[in-house]
Amino acid sequence: MADQDLRLPLPTDTPLDPPAAWAELRARCPVAHATLPSGDTAVYLTRYDDVRTLLSDPRFVRPTERDGAARVAPEGSGGAAATGSAAVAIPGRGEPHQRWRRRVGKYFTAKRMTALRPGMTRLAEDLVDAMLAQGAPADLRASLGFPLPVHVICDLLGVPAEDRDRFSRWSDSFLSVTRYTAEEIATAQREFTAYMARHVAAKRARPTDDLLGTLITDGEEEGGGPTDDELVATGMGLLVAGHETTANMIGKMAGLLLGDRSRWERLLADPSLVRTAVEESLRFDANLGFGLRRYLGEDAEIAGQVVPAGSTVVCSMPAANRDERAFTGADAMDLARTPNPHLAFGVGPHSCLGQALARTELQVVLETLLRRVPTLRLAVPVAGLRKTEGLLVGGLREVPVRW
Amino acid sequence: MKLTVDQDKCCGAGACVLSAPEVFDQREEDGIVTLLTSEPAAEHHVAVHEAAAVCPTAAIRVTETDRIAPPGRSRQARH
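If you read the protein sequences in the order shown, they are chains A and L. Position one of the first sequence corresponds to residue 1 (this note's numbering), numbered consecutively onward. Position one of the second sequence corresponds to residue 1001 (this note's numbering), numbered consecutively onward.
To be clear, the hints were calculated from the coordinates, so they are not data collected in a lab. The beta-carbon is built from N, C-alpha and C at its ideal position, and this holds for glycine as well. Fair warning: there could be bad hints in the mix.
Stated by the list, open to error - Sample of chain A residues at the chain L side, in silico, Cβ under 10 angstroms:
{"hint": "1", "residue": "Arg59"}
{"hint": "2", "residue": "Gln98"}
{"hint": "3", "residue": "Arg101"}
{"hint": "4", "residue": "Gly105"}
{"hint": "5", "residue": "Tyr107"}
{"hint": "6", "residue": "Met113"}
{"hint": "7", "residue": "Thr338"}
{"hint": "8", "residue": "Pro341"}
{"hint": "9", "residue": "Thr360"}
Stated by the list, open to error - For each label pair, taking beta carbons as the anchor points, the in silico distance ranges come out as:
{"hint": "10", "chain 1": "L", "residue 1": "Thr1065", "chain 2": "A", "residue 2": "Asp5", "range": "45 to 51 angstroms"}
{"hint": "11", "chain 1": "A", "residue 1": "Thr64", "chain 2": "L", "residue 2": "Gln1007", "range": "35 to 41 angstroms"}
{"hint": "12", "chain 1": "L", "residue 1": "Glu1028", "chain 2": "A", "residue 2": "Gly94", "range": "45 to 51 angstroms"}
{"hint": "13", "chain 1": "A", "residue 1": "Asp17", "chain 2": "L", "residue 2": "Leu1036", "range": "39 to 45 angstroms"}
{"hint": "14", "chain 1": "L", "residue 1": "Thr1065", "chain 2": "A", "residue 2": "Gly92", "range": "48 to 54 angstroms"}
{"hint": "15", "chain 1": "A", "residue 1": "Ala383", "chain 2": "L", "residue 2": "Glu1028", "range": "46 to 52 angstroms"}
{"hint": "16", "chain 1": "A", "residue 1": "Gly68", "chain 2": "L", "residue 2": "Leu1036", "range": "43 to 49 angstroms"}
{"hint": "17", "chain 1": "A", "residue 1": "Asp17", "chain 2": "L", "residue 2": "Val1062", "range": "43 to 49 angstroms"}
{"hint": "18", "chain 1": "L", "residue 1": "Gln1007", "chain 2": "A", "residue 2": "Gly92", "range": "19 to 25 angstroms"}
{"hint": "19", "chain 1": "A", "residue 1": "Val373", "chain 2": "L", "residue 2": "Glu1022", "range": "29 to 35 angstroms"}
{"hint": "20", "chain 1": "L", "residue 1": "Gln1007", "chain 2": "A", "residue 2": "Pro118", "range": "43 to 49 angstroms"}
{"hint": "21", "chain 1": "L", "residue 1": "Val1062", "chain 2": "A", "residue 2": "Asp5", "range": "41 to 47 angstroms"}
{"hint": "22", "chain 1": "A", "residue 1": "Asp218", "chain 2": "L", "residue 2": "Leu1036", "range": "23 to 29 angstroms"}
{"hint": "23", "chain 1": "A", "residue 1": "Gln305", "chain 2": "L", "residue 2": "Gln1007", "range": "32 to 38 angstroms"}
What the hints assert, rightly or not - Residues of chain A clear of chain L, computed beta-carbon distances all greater than 12 angstroms:
{"hint": "24", "residue": "Thr178"}
{"hint": "25", "residue": "Thr312"}
{"hint": "26", "residue": "Pro400"}
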């Protein structure tokens, strides 16, 4: 494949299948050059070992506006997550990043997420009951995939879930590559920031025992906890990260498991496979989104080639997750695959903070659907599912189902 | 089997606890890994190897193995 033909995002024939180019790139061109929607050029990695090594290297972090790195979004259309805007006051590297991560990470431990499980299950059951009562066909994304993670992250943070319709627009603007205009993004960013600042101010005045409230109380006890700007950025970041990707993944998981109904039937016959089936759905998801970017502040050797300082690298985790060098039968879904060291949550010191939460939510959703709606099936052919477009993260616009 | 963890490398993802809750735990104060045992019983060995394989920062090291060979990266489960 000629380098200059590679434009991200790569086209796919169907919404759940990988781009045809990945296999060829992994085989012949592991350090490719790709054109981003901005017109800038980045190095594009598709092999498992290369993606894993680069993301694990603490020298390299996500680019910020100040780096002069390749831009993802065309001028003006990028949300804060795409531009690396300085408005986001979360420390991005080194020791300050590690301190922030540990301060917040303690709220997302596996044990805490397991303790939330019964509540999540009740919530999933209520949402499924409402979907069943409303009658087929239904959109699984709107009925369950979106509201469940929104409720859970709002409870954790201590903000009201009733505002969820606004979150959706704010979140999409935050993650915009080409969907919104500069003006729409600026308005959404301003509203979202003001909203979170009001909650932070209220919690400063009256301490609460949710995540944001506890960050404030602990910080005040230590003397010199997070600043208001850091708290607002943390709240916004967690709210976006805490629902958008999981909502998307619930829809894609349903698409993958129902699209070939023998998969669904295998899980009905053996529900003990739910845990490994969730991991395999994460590995198999070819529509994960843009991939993770890293800015090279110094030369790096990747796949035996020197990639010069100043380069921006896009790591395609979903391409790496289909690498035969790392996964036997990589192009087949094996619901019992174990271990499954996929890179859907990234890898290294910046790997997803909320991965225990996401895993628990995905397991609860799948268990609940198998138990309550065993006859579930897609209401459209797989090819009729439509991808979301123009955002950093990939998903399905709706997931029409019957039962 | 003998086991060590590198708390400086750990990023608190909790993947190990989800794989092998009888062997791994996370500190209350910052989510960093701790070991409930450094010599897990044979019944947990498969789960420990899984935890080591899926750790995002490669912070888990199996220093001594017995009986069960470490599985390959993507070994098929025996179901």
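Hint by hint, here is what the structure shows:
{"no.": "1", "hint": "Arg59", "result": "violated, 15 angstroms"}
{"no.": "2", "hint": "Gln98", "result": "holds, 8 angstroms"}
{"no.": "3", "hint": "Arg101", "result": "holds, 7 angstroms"}
{"no.": "4", "hint": "Gly105", "result": "holds, 4 angstroms"}
{"no.": "5", "hint": "Tyr107", "result": "holds, 8 angstroms"}
{"no.": "6", "hint": "Met113", "result": "holds, 7 angstroms"}
{"no.": "7", "hint": "Thr338", "result": "holds, 5 angstroms"}
{"no.": "8", "hint": "Pro341", "result": "holds, 5 angstroms"}
{"no.": "9", "hint": "Thr360", "result": "holds, 8 angstroms"}
{"no.": "10", "hint": "L/Thr1065 / A/Asp5: 45 to 51 angstroms", "result": "holds, 47 angstroms"}
{"no.": "11", "hint": "A/Thr64 / L/Gln1007: 35 to 41 angstroms", "result": "violated, 28 angstroms"}
{"no.": "12", "hint": "L/Glu1028 / A/Gly94: 45 to 51 angstroms", "result": "violated, 25 angstroms"}
{"no.": "13", "hint": "A/Asp17 / L/Leu1036: 39 to 45 angstroms", "result": "holds, 42 angstroms"}
{"no.": "14", "hint": "L/Thr1065 / A/Gly92: 48 to 54 angstroms", "result": "violated, 38 angstroms"}
{"no.": "15", "hint": "A/Ala383 / L/Glu1028: 46 to 52 angstroms", "result": "holds, 49 angstroms"}
{"no.": "16", "hint": "A/Gly68 / L/Leu1036: 43 to 49 angstroms", "result": "holds, 47 angstroms"}
{"no.": "17", "hint": "A/Asp17 / L/Val1062: 43 to 49 angstroms", "result": "violated, 37 angstroms"}
{"no.": "18", "hint": "L/Gln1007 / A/Gly92: 19 to 25 angstroms", "result": "holds, 22 angstroms"}
{"no.": "19", "hint": "A/Val373 / L/Glu1022: 29 to 35 angstroms", "result": "holds, 33 angstroms"}
{"no.": "20", "hint": "L/Gln1007 / A/Pro118: 43 to 49 angstroms", "result": "violated, 30 angstroms"}
{"no.": "21", "hint": "L/Val1062 / A/Asp5: 41 to 47 angstroms", "result": "holds, 45 angstroms"}
{"no.": "22", "hint": "A/Asp218 / L/Leu1036: 23 to 29 angstroms", "result": "holds, 26 angstroms"}
{"no.": "23", "hint": "A/Gln305 / L/Gln1007: 32 to 38 angstroms", "result": "holds, 34 angstroms"}
{"no.": "24", "hint": "Thr178", "result": "holds, 30 angstroms"}
{"no.": "25", "hint": "Thr312", "result": "holds, 22 angstroms"}
{"no.": "26", "hint": "Pro400", "result": "holds, 32 angstroms"}
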